[in-house]
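There are 6 protein chains.
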Amino acid sequence: MEAIILLLLALISLTCSIIAFATSDQIPIQDFCVADVKYSETVYGYACKDPKLVIADDFYLSGTELAGNTSNPFGSSAKRISLTQLPGLNTLGITIARADFAPWGVNPPHYHPRASEIITVVEGTIEAGFITSNPENRLLKKILVKGDVFVNPRGLVHYQRNVGDGNAAFIAALASQNPGVVMVGNAVFGSDPTISSDLLAKAFHVDENVIHKLQEAN
Amino acid sequence: MEAIILLLLALISLTCSIIAFATSDQIPIQDFCVADVKYSETVYGYACKDPKLVIADDFYLSGTELAGNTSNPFGSSAKRISLTQLPGLNTLGITIARADFAPWGVNPPHYHPRASEIITVVEGTIEAGFITSNPENRLLKKILVKGDVFVNPRGLVHYQRNVGDGNAAFIAALASQNPGVVMVGNAVFGSDPTISSDLLAKAFHVDENVIHKLQEAN
Amino acid sequence: MEAIILLLLALISLTCSIIAFATSDQIPIQDFCVADVKYSETVYGYACKDPKLVIADDFYLSGTELAGNTSNPFGSSAKRISLTQLPGLNTLGITIARADFAPWGVNPPHYHPRASEIITVVEGTIEAGFITSNPENRLLKKILVKGDVFVNPRGLVHYQRNVGDGNAAFIAALASQNPGVVMVGNAVFGSDPTISSDLLAKAFHVDENVIHKLQEAN
Amino acid sequence: MEAIILLLLALISLTCSIIAFATSDQIPIQDFCVADVKYSETVYGYACKDPKLVIADDFYLSGTELAGNTSNPFGSSAKRISLTQLPGLNTLGITIARADFAPWGVNPPHYHPRASEIITVVEGTIEAGFITSNPENRLLKKILVKGDVFVNPRGLVHYQRNVGDGNAAFIAALASQNPGVVMVGNAVFGSDPTISSDLLAKAFHVDENVIHKLQEAN
Amino acid sequence: MEAIILLLLALISLTCSIIAFATSDQIPIQDFCVADVKYSETVYGYACKDPKLVIADDFYLSGTELAGNTSNPFGSSAKRISLTQLPGLNTLGITIARADFAPWGVNPPHYHPRASEIITVVEGTIEAGFITSNPENRLLKKILVKGDVFVNPRGLVHYQRNVGDGNAAFIAALASQNPGVVMVGNAVFGSDPTISSDLLAKAFHVDENVIHKLQEAN
Amino acid sequence: MEAIILLLLALISLTCSIIAFATSDQIPIQDFCVADVKYSETVYGYACKDPKLVIADDFYLSGTELAGNTSNPFGSSAKRISLTQLPGLNTLGITIARADFAPWGVNPPHYHPRASEIITVVEGTIEAGFITSNPENRLLKKILVKGDVFVNPRGLVHYQRNVGDGNAAFIAALASQNPGVVMVGNAVFGSDPTISSDLLAKAFHVDENVIHKLQEAN
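Residue numbers (UniProt numbering), protein chains in the order written: chain A, 1 to 218; chain B, 1 to 218; chain C, 1 to 218; chain D, 1 to 218; chain E, 1 to 218; chain F, 1 to 218.
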């Protein structure tokens, strides 16, 4: 009998909790709707926790001062705060993230489909830039030091890299509880399955073997 | 004196008309706000035309049955309806476009930062696909024939190509009056100025000469 | 036992899945939320399908090139794409429709409470018009041929009719996943129960027997 | 010289002030934006008045306790509060209205394209109803007395009539600063120019002479 | 067995129905979504009732002409219409309220985080005012008599009091289905647990014993 | 002549530029709309700068690592980034701020009518709390150290104070380009003109001389 109850609860979580995720970054119609993360492994979003059970810890998280692991080919790390970590963010339309860079580490070209972003450098020297949309494709970029701020408008491709010899890091504020991220290299050259190499060769005006090299690497 | 008036009107159009463009794809608070396109060459958006002067032609456009010119390296053409052509679209949150393809023509990977899209094939056989966001990067694709419909969610990278021996074409409906377009190749490899090739080499895990080939071609 | 599970699943679908339908045509907070149409006959909206189970077919539909059946008193047919047919449209704020007309067929006065509309004629010659709101009540209308486009602003009464001797058809793009439709004749003269005929006689400044003829016919 | 300045100011008001009207019923990004009604006769919307010049009277209006004139064929009157009367409403997404009824007076079938409505009866006995959208076309109606409340959802056709022997009145709250109103009879049978009577005859399944009677009366 | 079903239904209501509450005051994507109030005592929001079961009573409420009980230290009473009382308001972005005042009764300083408000005096003489945001902190106030209207912009602190010798009352229209209310005195001096009195003393520039008096009273 | 042109430009800026400020924190319909701050001293918001003239510096600001001046009765300082400082934020729906605290300094009870907030402690030890809305009025609070994060939901009263012996500081991310701030003490006890002390005495259940002390101090 209990197995059935658990099964049903799982089904409920599967079909119901998803729905909160489907609501948008809009003004909520209550003070807050803390994510109910009980079923976090099986669902894709969260219903509201009973307000009576909400505690200060639902709005609290520690550890953003800790650098991420940059021992990877990019020499960089990006940690975004999710609703699982900070359930109080549910419905509030904002989140933050931290990026760390080894010397000359790169945060490769990417964009956030659902959020503009303000980055604030907390350590080191960082080149940050974004590219305007077609047909201008202008690159706007700056060299940033500690305390400098740079804005990446929603949906535009941007990147950063550490241009100093020491470590570098920034904190980012993003105007969505779930900004999403599309890594351009992964999307175009590393999708599953891959986009046909002859199609990409024609799209990028290069030989197919150039595309093959990119597809092998991403 | 009249010159000054014209100058002032130009300045007014420069500083004021822009503002309508700044309003968002939301429910307007009037029935319609036909774009006043008198100053179309110098401004980036449009104020409302006097409702008394609005005519049926403001909501009318001909020519969408005509194929675009596909004599270019992509073998494709994309024509989007702008407010200048169809001023009645102002504030209504929707537009359409037409794409044409020579045999094996390609509409290269791109995305629309402000609109989901439904394409409807009107001629030929077209492969259409989009890639989900990080970290999944799944490619979802279909082969489409006349009358087939495919959906590209807002902000995700997508492409199409003609996989038949004749011409091909589709009509697209887009959920914004100004969806915007970011051509991934142009943004990453063809920006002005270019992104440093060593940065891109590290970001895409390839030799710098691979990046150079892409930068020369885009 | 299984009966109880089915009952509970039905109840879950009844109380939960409805909710996705209650979310609005806004920017979603995920890339997509494909409608879970398992319970489509008993519910009025859809939760998100598990992203891992999403396939390209969720974003695909065939058959829009096929004419609808116009053998009815209106001599016209309107087919709107629903979430049941194209579950990938869920949360994306757009849909399309197809209308067909026998010679001199009429799409009677109606409006969409939740969407502006762009129609594109694909066959024949069509008169299209909409009426501005009170107190102007201006009729803006055009004769359209193949490739012509006409815009109906959200919430305004509009109609079309085939003014040629052959068949006619258009494809419509609508700026909502569920635009809704109010057929003016059905709402005013054909509601269940009917509005009192003496009330309508006073409202329309005609004798009650005129209203009776309209009520009998709608 | 002053004449030119006035002309220019008029032009400014014509091209600029309209724009505030084009913003939507959304959360504003300031506390208030009192409508600047200096140019109220020539424009269709209002820019923000200088906050320093804003006074309490901008948020104040008297006279809603006064009955409107019901000496007309409908035996009813509807007074909506406009921004010209109450400029403080600008950007706040709400307005109110007052309707009065002579005995058996009728507020004919109409709808508000941009607002749901709550009516509160302050005098007399009123029948109020609305019709759900196609294909159900259900009429939901109630008889209301003083203090009773009835809700008309956004965009649905509704009506009221006085079903008592004395006067009747209600106050309406509407969820938009400019709800708009489409009077169904005027839109369909009284537009300028009129919709072809043969088209309407086919649309409403009645003889053309029935349509002629309605067109002559509306 | 029935116990389990009831338990499961309770759980469903706990995790699911909440979600409708999490949707925002936006344009819904259906005509209406009447709140399903079956589980009203255990949940914090409502899913949509089956449209087939919706009746006119879902949109109806009586009793707003009745004065509330003002026998309390404030000498005032505020009754807001909730979804439990008027389930048809769900998703429609509007509600109303009634306030009553004994002679010299006070509706203490408060604000609505999610709605602008229009008050209409129906009895007596009322002083109404709101304070603009920092750093101006201007008080805009008026004396209102029957039929007078005053607007309180969203999120600003406002108050009213009866400045006449008889009773007074107003009806308020609010631009949200759930405007929320923060009573400034209760929030600052009467929270559970209380804010440290030394902190408040420093914040308000007064001796701690002044704060103690306020904390004891609120 | 030039004087007139300047006068007219000033008038244009006064009546027009305001309007961009009136648009809401929604998805813009262009990639960005950099604020045109030429007229910053006389206007209350900004039109879009010509995109061709936009430069990287429009999205850049330095100095957020510098502590504000805390030599004041509160022992605290709050610096919010305005559009004048960082014009690229216009239309993007986000901003950041920095607060500094002398030992035991207090950021007094206040709220932001248009934004939720995430604070990240960068130095010292801070007590942060917010109070839920009426009727619960629960205080949720935490002691935060470097790297700790705390969320203040939109529109709820919150405060912070330095509970350590050294300086303290945090960076805040806010989900609006213009969150606004209402300082509760200033609004209630320090408005211009003041709210009647007898009214406040009744509202807060204390003697009028308690109110007088608060009014003198704020």
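Source of the hints: derived by calculation from the structure; they are not laboratory data.
Mixed in with the good hints there might be a few duds.
Put simply, identical chains are the same to the list, so a pair is met inside one copy or across any two.
As a list, the in silico DSBU-like pairs of lysine-lysine whose alpha-carbon atoms are at most 35 angstroms apart [what the hints assert, rightly or not]: (1) K52 x K213; (2) K146 x K52; (3) K52 x K142; (4) K142 x K79.
These figures come from a predicted structure and were not determined experimentally.
Against the structure, the hints come out as follows:
1. For a Cα distance limit of 35 angstroms, the shortest separation of K52 from K213 across copies, 29 angstroms, qualifies, whereas the shortest one inside one copy, 56 angstroms, does not.
2. Taking CA atoms no more than 35 angstroms apart as the test, K146 paired with K52 passes between copies only; the shortest distance there is 29 angstroms, against 42 angstroms inside one copy.
3. In this assembly of identical chains, the alpha carbons of K52 and K142 lie at most 35 angstroms apart only when taken from different copies (18 angstroms versus 47 angstroms within one copy).
4. Taking identical chains as interchangeable, the C-alpha atoms of K142 and K79 lie at most 35 angstroms apart whether they share a chain (23 angstroms) or sit on different chains (23 angstroms).
Of the numbered hints given earlier, the model fails none.
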